[in-house]
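Asks: Letter by letter, the chains look like this.
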Amino acid sequence: MTNNPAERQAELESDDSLMARIGRGDREAFEALYRRWSSRVMAYACRSLSDRAESEDVVQETFLSVFRSASRYRPSERFGAFLFRIAGNAVRSRWRKKRPLPVDCSGEEEEDNFFQSKTIEGEWSHFEERERIGAALATLPEAQRNALLLAVIGGLSYREIALEEGVSENAVAARICRARKALRKALSEGGFEEEATTDE
Amino acid sequence: MSESCEKMELLISKVMDGECSPQERKALKAHLAECPRCRETIREFGRVDSLLESGKDLPVPPSCPKISETGFSSRFPKAVFLAAAAAVAAFAFLGGAWWGQQKAIRSLPPSYSRVASAALWEKAQDPLRREAALAALPLSEAVTGYQREVARLLRQKDVDWERVRRLVEAIGALRTDMELLTLHVAFLEKEQGKTDPASAAWSDLLGLDDRGGSL
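Chains as they are written, first to last, in the numbering used here: chain H, 1 to 200; chain C, 1 to 215.
By construction, these hints were calculated from the structure, which means they are not laboratory data. Note that beta-carbon positions come from the ideal geometry of N, C-alpha and C, so glycine has one too. Take these hints with a grain of salt, some might be off.
[Unchecked claim] Okay, derived cross-link-like pairs now, DSSO-like style, lysine-lysine, Cα gap no bigger than 27 angstroms in a straight line:
#1 K29/C / K185/H
#2 K185/H / K157/C
#3 K29/C / K7/C
#4 K7/C / K26/C
[Stated by the list, open to error] The following label-pair restraints were derived from C-beta to C-beta distances:
#5 P75/H / R152/C: 42 to 52 angstroms
#6 R25/C / S168/H: 37 to 47 angstroms
#7 V167/H / K66/C: 54 to 64 angstroms
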């Protein structure tokens, strides 16, 4: 929590109100919106791309795009859906360039900290789970992975995802369920369910 | 796993995302009361979501892009801003010719060709500049061609304004591409700390235009 009164005020404002201010060139509003959403966009990008540098680029690109479009923004939809549509496009443009590799996003610094951990057994188990889920996520069909991440990390509704992906809400529900089942399988056995490799 | 359990997995996934209808919730609740396996599925799916949401293994986002008084900035702040300025300049210039067609049409020098030729002329061995020059030349030629076509159309008695408008838009887009290309090179050179006379000449060229604006 910030000690700056202007920043505290901005933290209480709605996304739409901040966007209106950003549209008038208000930098503090932009920074407040960034503080509020950047971690989720980063998490979405990192889970999608398994690449820290590219994920940072996605965050920057997304928020610059938000800034540029703020003056034209109309709150006809939830801001989160608007934001993750931009982030989704940024991620997809990178998918087209390369297939993500099943690597964990965690950095070397964290690994150093990890190996100094006193509760190493519990940490090791958690570390392995994260590795497995990261690897499994990278092998999911793109549509399943994107739908799951938009729902779980982006907090988008099935309807919002369906609109973005151009499919029915039922198809979104099926994709997300298949993705969860595949990841559950990866966690329990270190393998992947057959259904993860096919899409509806 | 029973067929019923398979159907319930879909409902469990939906209920976790707050997407179940009241009827579906009711059916799921009744099933869960009798099915320990599906109760376990809830726990497992919850674990999956928890790991996905967990920020522990995720790097922190980069710092907030700095927004200048006049616009925005990021990794290529000047490039983006100047590209927009170039597009505006192109529209303003050609728009002026459009509306002032009764007056003598001023010449439309293809100043971008200077950039391309300068890149070849100065330090042609530098791969960065050579690559930029090779990419810039066809853009430059296209801009020149479009400009000539606009000039030709504006000299006609019955001007095809729709065609002029489309050409002006195309010129704006091409000029933006060129602006980004050339400024990208300048930015990379600046990052590499190149301050030799050739780089200075290059930067001057980027900042100057025979129409008084950025290229």
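Asks: It remains to establish, for every hint, whether it holds in the given structure.
Replies: The hints, checked one at a time:
1. K29/C / K185/H: holds (24 angstroms)
2. K185/H / K157/C: violated (74 angstroms)
3. K29/C / K7/C: Roughly 13 angstroms between the alpha carbons, so the hint for K29/C and K7/C holds.
4. K7/C / K26/C: Distance of about 14 angstroms is within 27 angstroms: holds.
5. P75/H / R152/C: 42 to 52 angstroms: Holds: the Cβ-Cβ distance is about 47 angstroms, inside 42 to 52 angstroms.
6. R25/C / S168/H: 37 to 47 angstroms: Because 21 angstroms falls outside the window, the suggested range is violated.
7. V167/H / K66/C: 54 to 64 angstroms: violated (38 angstroms)
Of the numbered hints stated above, those contradicted by the structure are hints 2, 6 and 7, listed in ascending order.
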